[in-house]
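2 protein chains.
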Amino acid sequence: MTIQAKFERMGTDAAPGQEVRQQVGDIETLLRGAKLEGRQVDFSHGDVDAFTPTPGSFEVFTAGVEAGGKQAYTEYRGDISIREQLAPAIAEFTGAPVDAADGMILTPGTQGALFLAVASTVAHGDKVAVVQPDYFANRKLVEFCEGQMMPIQMDYLNVEGQAGLDLGQLEDAFKSGAKVFLFSNPNNPAGVVYSRDEIKSIATLASHYGATVIVDQLYSRLLYSGVDYAHLRAEAIDAENVITIMGPSKTESLSGYRLGVAFGSKAIITRMEKLQAIVSLRAGGYSQAVFRTWFNEPAGWMDQRVREHEAIRDDLLKAFRASEGFKVRTTEAGSYIFPQLPKLAVSGKDFVRILRLQASVIVTPGTEFAPFSDSSVRLNFSQDHAAAVAAAERLVALVDRYRA
Amino acid sequence: MTIQAKFERMGTDAAPGQEVRQQVGDIETLLRGAKLEGRQVDFSHGDVDAFTPTPGSFEVFTAGVEAGGKQAYTEYRGDISIREQLAPAIAEFTGAPVDAADGMILTPGTQGALFLAVASTVAHGDKVAVVQPDYFANRKLVEFCEGQMMPIQMDYLNVEGQAGLDLGQLEDAFKSGAKVFLFSNPNNPAGVVYSRDEIKSIATLASHYGATVIVDQLYSRLLYSGVDYAHLRAEAIDAENVITIMGPSKTESLSGYRLGVAFGSKAIITRMEKLQAIVSLRAGGYSQAVFRTWFNEPAGWMDQRVREHEAIRDDLLKAFRASEGFKVRTTEAGSYIFPQLPKLAVSGKDFVRILRLQASVIVTPGTEFAPFSDSSVRLNFSQDHAAAVAAAERLVALVDRYRA
Numbered sequence: 004m005t006i007q008a009k010f011e012r013m014g015t016d017a018a019p020g021q022e023v024r025q026q027v028g029d030i031e032t033l034l035r036g037a038k039l040e041g042r043q044v045d046f047s048h049g050d051v052d053a054f055t056p057t058p059g060s061f062e063v064f065t066a067g068v069e070a071g072g073k074q075a076y077t078e079y080r081g082d083i084s085i086r087e088q089l090a091p092a093i094a095e096f097t098g099a100p101v102d103a104a105d106g107m108i109l110t111p112g113t114q115g116a117l118f119l120a121v122a123s124t125v126a127h128g129d130k131v132a133v134v135q136p137d138y139f140a141n142r143k144l145v146e147f148c149e150g151q152m153m154p155i156q157m158d159y160l161n162v163e164g165q166a167g168l169d170l171g172q173l174e175d176a177f178k179s180g181a182k183v184f185l186f187s188n189p190n191n192p193a194g195v196v197y198s199r200d201e202i203k204s205i206a207t208l209a210s211h212y213g214a215t216v217i218v219d220q221l222y223s224r225l226l227y228s229g230v231d232y233a234h235l236r237a238e239a240i241d242a243e244n245v246i247t248i249m250g251p252s253k254t255e256s257l258s259g260y261r262l263g264v265a266f267g268s269k270a271i272i273t274r275m276e277k278l279q280a281i282v283s284l285r286a287g288g289y290s291q292a293v294f295r296t297w298f299n300e301p302a303g304w305m306d307q308r309v310r311e312h313e314a315i316r317d318d319l320l321k322a323f324r325a326s327e328g329f330k331v332r333t334t335e336a337g338s339y340i341f342p343q344l345p346k347l348a349v350s351g352k353d354f355v356r357i358l359r360l361q362a363s364v365i366v367t368p369g370t371e372f373a374p375f376s377d378s379s380v381r382l383n384f385s386q387d388h389a390a391a392v393a394a395a396e397r398l399v400a401l402v403d404r405y406r407a
Numbered sequence: 004m005t006i007q008a009k010f011e012r013m014g015t016d017a018a019p020g021q022e023v024r025q026q027v028g029d030i031e032t033l034l035r036g037a038k039l040e041g042r043q044v045d046f047s048h049g050d051v052d053a054f055t056p057t058p059g060s061f062e063v064f065t066a067g068v069e070a071g072g073k074q075a076y077t078e079y080r081g082d083i084s085i086r087e088q089l090a091p092a093i094a095e096f097t098g099a100p101v102d103a104a105d106g107m108i109l110t111p112g113t114q115g116a117l118f119l120a121v122a123s124t125v126a127h128g129d130k131v132a133v134v135q136p137d138y139f140a141n142r143k144l145v146e147f148c149e150g151q152m153m154p155i156q157m158d159y160l161n162v163e164g165q166a167g168l169d170l171g172q173l174e175d176a177f178k179s180g181a182k183v184f185l186f187s188n189p190n191n192p193a194g195v196v197y198s199r200d201e202i203k204s205i206a207t208l209a210s211h212y213g214a215t216v217i218v219d220q221l222y223s224r225l226l227y228s229g230v231d232y233a234h235l236r237a238e239a240i241d242a243e244n245v246i247t248i249m250g251p252s253k254t255e256s257l258s259g260y261r262l263g264v265a266f267g268s269k270a271i272i273t274r275m276e277k278l279q280a281i282v283s284l285r286a287g288g289y290s291q292a293v294f295r296t297w298f299n300e301p302a303g304w305m306d307q308r309v310r311e312h313e314a315i316r317d318d319l320l321k322a323f324r325a326s327e328g329f330k331v332r333t334t335e336a337g338s339y340i341f342p343q344l345p346k347l348a349v350s351g352k353d354f355v356r357i358l359r360l361q362a363s364v365i366v367t368p369g370t371e372f373a374p375f376s377d378s379s380v381r382l383n384f385s386q387d388h389a390a391a392v393a394a395a396e397r398l399v400a401l402v403d404r405y406r407a
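Protein sequence lines, in the order shown, are assigned to chains A and B. Each residue of the first sequence is one higher than the last, beginning at 4 in our numbering. Each residue of the second sequence is one higher than the last, beginning at 4 in our numbering.
Only chain A is shown next, with the shape it has when bound in the complex (with noise of 0.2 Å):
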C-alpha cells in the first residue's frame, strides 16, 4: 500500500474536536425550521471547566518545573519515583501487582500508551480482534498497523447484566489466527461495564489461544451505583499475556497535562519504550509530577465526583426515554452515552452537523465508533448539569423535527 493510500483510509473529520475543520457544504439544503436557542455544548468531550482537575494537581505540577532538570528529564518510560508511588496505588485498584522498575510506562496520555501497545504487538498482516462499537482510534491504529481487523460484535442494546460481546466471534478470530484482542471496559461509547463473567470468559479464551490482551480502563474509577467491575488483569490469566491502560486524564479531568499509563507485560513495556524513545521521547517531564495526586485525591471528592455524574446521567436517560423510538443502555460506568435515535429522514451523519448549526449541541457520530452505528451519537455527559439536560432536550425537539 502506498503512504497515499494509507492515510486516505484513516479519516479524522468526523473526529471529537475536530468540528472546526469540517466545510458546511450542502447541509443549508436538509434545513428544517429555525434555530433552537441555548448555551452551545460540546459533548465530544468532557467540560473540564465545569469538572475541574484533581485539587492541588498545580501545585504538584509547579514542583515539577522547580525542581528542573532532573524532572524534564526523566526515563523514557518515567521518572522511577513517580512509577514507585502509583505502582502499589494501581495493584491494589486493579487487584494484580504492578512492576514499577519493569512493568509499567507513563505516556503521553492513554492514546499515547494506546498507540504503544498496538504498535508494539501487530505487525503488518497480523490479525486483530476489535470490538464494535469501540472506541474511534482503535481501528484507525490497527489501520495503521497495517494489521488485519476481526471485527467482534457487542450487542449492548439488547442485554442487562452483560456487555453483550459475541464471544463465539472472538474464539472464531483467536482460532483464525489472530494474536491480539483489543478493547475499552467500561465501552466507550456505550458506557456499559464487561460482567465478570465475560471478563473470565475473555481470560480463558486468550489463555487457550496464546492471545495477548490490551484492555483500555481508562473510565474504570468512574463506577456507578450497584455495578460490578472486573479486572481482567486480576484474572486466570498470564500477567505476560495482558496491557492494561488508565490515566488520570478523564475522571480527574487532567487531560491538559496529557498523562496516560500502561502497565503488564514486561516483554511488551519494553518494547513500548522503544517505541516512544522515537515518538515522543516521554510524557511532558513536568506533567509526569502530577501523577502524584493520582489515587491520592483528597477523601471524599472522587466519591462526590461519581455522584455528580451519576445524576447528569439520570437525567440524560430521563430525557431520551420519554420521547419514542429513542434506545438508549443505561451508562454503567464512564461519562459515555450512546442513544440510538429513532429513524430520521437525513443520515446520522447530516444529523449530528444540523445539531451543531441548528442547537449548538456537538456529539460524535456513531459511526466513528462502528460501520453499523449511524443511527446513534455518543454523547460525553461530563458538562455543566443544567446545560448538559437543555442541550439533550434541544436533541430531542430536534430529532422529533426530522423525524422520517
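These are calculated hints, taken from the structure and not from any lab test. Incorrect hints may have been included.
One copy or two, it doesn't matter: identical chains are merged, so the pair holds either way.
As the list claims (entries may be wrong) - As a list, the in silico DSSO-like pairs of lysine-lysine whose alpha-carbon atoms are at most 30 Å apart:
#	residue 1	residue 2
1	352	38
2	9	178
3	38	321
4	269	73
5	321	346
6	130	9
On a predicted model such as this, the values are computed, not experimentally measured, just so you know.
Model the placement of chain B on the given structure of chain A, informed by the hints.
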C-alpha cells in the same frame, strides 16, 4: 517481519538518558587506575538547571491552566491562535511563508514532529536517504516504518565551510528510487551547518527527482559568530516537497514542556494530523501556551545565551585539541560537539561506560549516529561552564590512560 524481530532491531540501551537501564556487567575487568573525582556532568542532554527556561514561560503556562477547557482541548494540530502567533515569526526566521491554518502542526516535542513526518511519508519498503552520522532516531524511525535506508555519508572532519555531504551518493539514492531525504541542520551530532551551496544542491536534486525532504532544524537559532545559515524551504524547491521541524525545546531550555512544530507541505501536515490523532491526540494543551514565549524572548536574551554557549564551545575545543590524536570539528550551531578520540585499547562503547564509572562523565557513543563512528563521542555542552570544562579535562585524562 514479526513484531518481535522488528523491535529487536530498535535498541535504546545506549540512547541518551537511558544509562540507568544498562547493566554494568564485566566492565570491571577492563578498568585501569582509580576514579577521577569531580562533579558529575551528563552530556547526554542539556542541563536546564544551568541554562534555565525562557523568562515568562511558567507564567504563560499558568495562564493556560487558568484558561481551562479552551486550552486543554485544542484542534489536534494545536490551538489556532497560537499557530497564528507563531506563523509570521517562523516565516520571517526561515525566509518563506508559513500557513497557520493548513501548513503547520504543533507536536509533543520535535521528536513527535519527526515521528509524524517520517510515518506520514514512508511506507513499508520505501527507500529513504538518511545521513551518516545523524540523529540516532532517524535510522530507528525508518526501521519502525519498515523503510529501506540508503545511507549518505557526511565527511564533516575533512572539509571546511561545508558539512561535507556526499551529493553524488544523494543523487544516486534519488536515482534508485528514494522518495524521502531526512537530515538535521545543524547536524546532530557533529554540530556542522550545511553550506548555502549544499542546501541549494539538495533543493535542486530533490526538485529534479520529486523527492520529499524532511529537515530537522531544531538547533538553528543557536548559531555562532560568522556562520551563514541557509534555510532549505527558502530555496528553489516546491513548498509541498518540504517539511521543516523546529521547537523551543533546546536553545530555550523548554524541553520539560515537550513542544515541537512542523511546517510546510499542506498534504503532509494533513496526514501528520490524522496520525497525531491516534498517537498522542495533541501536544499537551496547557504546554502549548508556552509557545507564546517563542520568537518572543526578552530583548538581548537569546544573544546572551548564544554567546555563553560559544564560550563553552571554545574552551572544549581547546581542551580536546591540546591532546594528541583528537580530531574535532568546530561546532557552528547548536550545543553538540563530536570529537573523534585517538586509538584506544578498549572499544568506544566500553570507553563510554568507563567514562561514566571512573570520571562521572556521561556522553553518547558515536555508534548511535553512524556505524563507523565507534571512536567518536557526542557531548551536549549546554551545561554549567566550569563543570563542563572540568569534565572534558577528565575525559582527556581517561583517554590518555586507555590509549592503545
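So, going through the hints one by one against the coordinates:
no.	hint	result
1	352 to 38	within (19 Å within a copy, 69 Å between copies)
2	9 to 178	both (28 Å within a copy, 25 Å between copies)
3	38 to 321	within (24 Å within a copy, 74 Å between copies)
4	269 to 73	within (25 Å within a copy, 38 Å between copies)
5	321 to 346	within (20 Å within a copy, 79 Å between copies)
6	130 to 9	both (17 Å within a copy, 17 Å between copies)
Of the hints listed earlier, there is not a single one the structure fails to meet.
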